[in-house]
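> Residue numbers (the working numbering): 417 to 881.
One or more of the hints may lead you astray.
As the list claims (entries may be wrong) - Across the chosen pairs, the derived CB separations fall in these ranges:
| hint | residue 1 | residue 2 | range |
| --- | --- | --- | --- |
| 1 | ASP801 | SER677 | 54 to 62 Å |
| 2 | ASP577 | ARG617 | 31 to 39 Å |
| 3 | GLY494 | PHE583 | 26 to 34 Å |
| 4 | GLU625 | SER707 | 19 to 27 Å |
| 5 | ARG676 | ARG617 | 29 to 37 Å |
| 6 | GLU655 | VAL695 | 54 to 62 Å |
| 7 | ARG855 | LEU672 | 52 to 60 Å |
| 8 | ARG676 | ASP762 | 45 to 53 Å |
| 9 | ALA424 | LEU463 | 51 to 59 Å |
| 10 | PHE743 | GLY868 | 27 to 35 Å |
| 11 | ARG448 | PRO548 | 15 to 23 Å |
To be clear, the hints were calculated from the coordinates, so they are not data collected in a lab. A quick note: this is a predicted structure, and the numbers were derived from the prediction, not measured. For every residue, glycine included, the Cβ atom is placed at its ideal position computed from N, Cα and C.
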Amino acid sequence: MSWLSIGAKWTLRYTAVMLVAVSLLAAYTYVRIEQRLLQDARFLVDLQLKQLAETLVAVPADDAALALFLQRSTSAAGPDLKLGLQVFDPAGRLRLAEGSLADNPVPLPDELPEDPEDRVGRHVDFPDEKYPYLVLTRRLPDGGAVQGAVYLRRFIRNARDVRDIYFWALPLAAILTLALGSWLVRGSLRPIASITRAAQRISGTHLEERIPTTGSGDELDQLANTLNDMMDRIRRSVERMQRFSANAAHELRTPLNALRSRLEVTLEQERVPDEYRKVLGETAEQVASLSEAVQAMLRLAQSEAGLPPEHRVPVAVAPLLEEVADFFGPLAEEQGLHFEVGGLDDAVVTGEPAWLRQAVANLVDNAIRYTPEGGRVRVEALRDDAGAAVTIAVADTGPGIPPAELERIFEPFHRVRGEARANAAGAGIGLALAREIARAHGGDVAVESAPGQGSRFAMRLPVAG
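Please model the complete structure; the sequences and the hints are all you need to start from.
Right under this line is the structure:
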């Protein structure tokens with residue numbers, strides 16, 4: 417059945433279950449009706465035996481009156497029931513017989529009930545009769561016995577008529593169940609078909625397409641909402657990737673074009689070796705700068721993809737900050753800045769040293785780029801009151817960040833418009849990379865800033881436990 421659709425499979429299963437249930441109900445009903453009809457037959461014979469026993473008590477020796485009673489009782493029952501009655505004396509000899517038992521006498525059973533109120537019942541087949549007779553035997557108080565028999569054809573045929581009705585109704589029930597099941601399944605699968613069509617319309621150029629929901633809150637609505645949420649995440653990821661690719665191409669195209677133009681101009685005419693050496697040296701610096709930018713972009717992409725740092729080891733915060741200060745201290749002095757390192761805590765975090773060094777370096781580099789000459793840049797590490805986290809803060813006295821830009825400051829390739837030093841040009845991914853690295857280590861980066869009051873970037877990391 418692997419070639420059948422889900423709807424066809426559900427319809428067949430529903431039909432099979434319903435047919436089994438109807439068949440079981442029909443069988444149970446037939447058995448119960450048959451039992452009830454046989455009980456009615458037994459009640460009829462027992463009633464006749466009771467009346468016969470009362471008559472024997474009233475006229476025990478009057479055979480003529482007794483024979484008249486037997487004739488009237490068997491005749492009143494009608495030809496279909498073929499009621500028969502027998503009377504036995506205490507010695508077990510047949511005294512009188514009427515009806516069907518007159519032509520086909522039935523001997524007494526081997527054992528009679530001790531209590532006159534009890535009955536012994538059995539089914540007896542008569543010659544030339546298709547159906548059996550129900551024969552009941554009752555002991556009399558004087559030691560004699562009476563027997564009654566009734567032909568079971570009417571009772572059995574009534575039960576079989578009910579069985580035949582169920583038998584012929586079963587195919588009709590199967591057809592109706594199949595039609596009803598198909599209708600129910602189509603109705604149940606209609607939202608899934610709608611979801612499928614909507615999903616098929618979604619493509620790389622139509623990520624805004626969404627699956628319609630009914631608002632019922634059922635399982636299919638939850639599935640549609642889940643798929644829509646997934647599409648929102650995919651759309652944001654694709655848009656972020658497209659922006660990243662476009663910005664990366666733009667950031668690389670400009671320096672590459674400048675580098676190419678410089679080399680072409682150099683090669684247009686013969687030059688002395690010193691000039692070639694100078695051009696090659698400057699070219700090497702630009703290539704190194706481009707290589708660093710590409711490495712930063714790759715690391716940012718890796719962080720945004722959720723890839724964890726490969727080598728996590730305990731990293732002491734104080735030596736890490738001292739290493740960064742040793743590298744940027746001379747650069748800050750060249751720019752006429754006051755560079756301070758203080759509040760070094762002996763906290764230890766778990767992470768990849770190169771990644772953490774890159775994150776702190778990006779924060780410090782950003783502060784130096786945007787702090788004017790005569791300004792101050794301060795780096796410090798402070799542990800929180802609970803001792804569970806350490807905050808590496810980089811504060812500057814630069815122009816600050818407008819409130820409208822604070823929401824976008826950590827977006828890749830986003831640059832703050834406003835006052836900046838002449839050499840503040842960068843790739844625009846330093847802050848974004850710093851935040852992604854912090855998040856990859858279970859932390860985050862926050863910023864506090866206002867125009868004209870400088871900025872303070874705080875990278876919070878959990879302490880190694």
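> With reference to the structure, classify each hint as holding or not holding.
Taking the hints in turn, this is what the structure says about them:
The supplied range of 54 to 62 Å is met by ASP801 and SER677, whose beta-carbon atoms lie about 57 Å from each other. In this structure the hint that ASP577 and ARG617 lie 31 to 39 Å apart at CB is violated, the actual value being about 59 Å. As the Cβ distance of GLY494 to PHE583 is approximately 29 Å, the hint placing it in 26 to 34 Å holds. A beta carbon spacing of about 41 Å between GLU625 and SER707 contradicts the range 19 to 27 Å that was offered as a hint.
Separation of ARG676 from ARG617 is about 44 Å and departs from the stated range, judged on CB atoms against 29 to 37 Å. The hinted range of 54 to 62 Å is not satisfied by GLU655 and VAL695, whose Cβ atoms lie roughly 41 Å apart. For the hinted restraint 52 to 60 Å between ARG855 and LEU672, the CB-CB distance of approximately 31 Å leaves it violated. At roughly 50 Å, the beta-carbon separation of ARG676 and ASP762 lies within the given 45 to 53 Å, and the hint holds.
Distance hint check for ALA424 and LEU463: the Cβ-Cβ separation is about 58 Å, which falls inside the suggested range of 51 to 59 Å. Taken as a hint, the range 27 to 35 Å holds for the pair PHE743 and GLY868, whose Cβ atoms sit roughly 29 Å apart. Checked against the hint of 15 to 23 Å, the pair ARG448 and PRO548 passes, with Cβ atoms roughly 20 Å apart.
Hints 2, 4, 5, 6 and 7, counting from the list given before, are not met by this structure.
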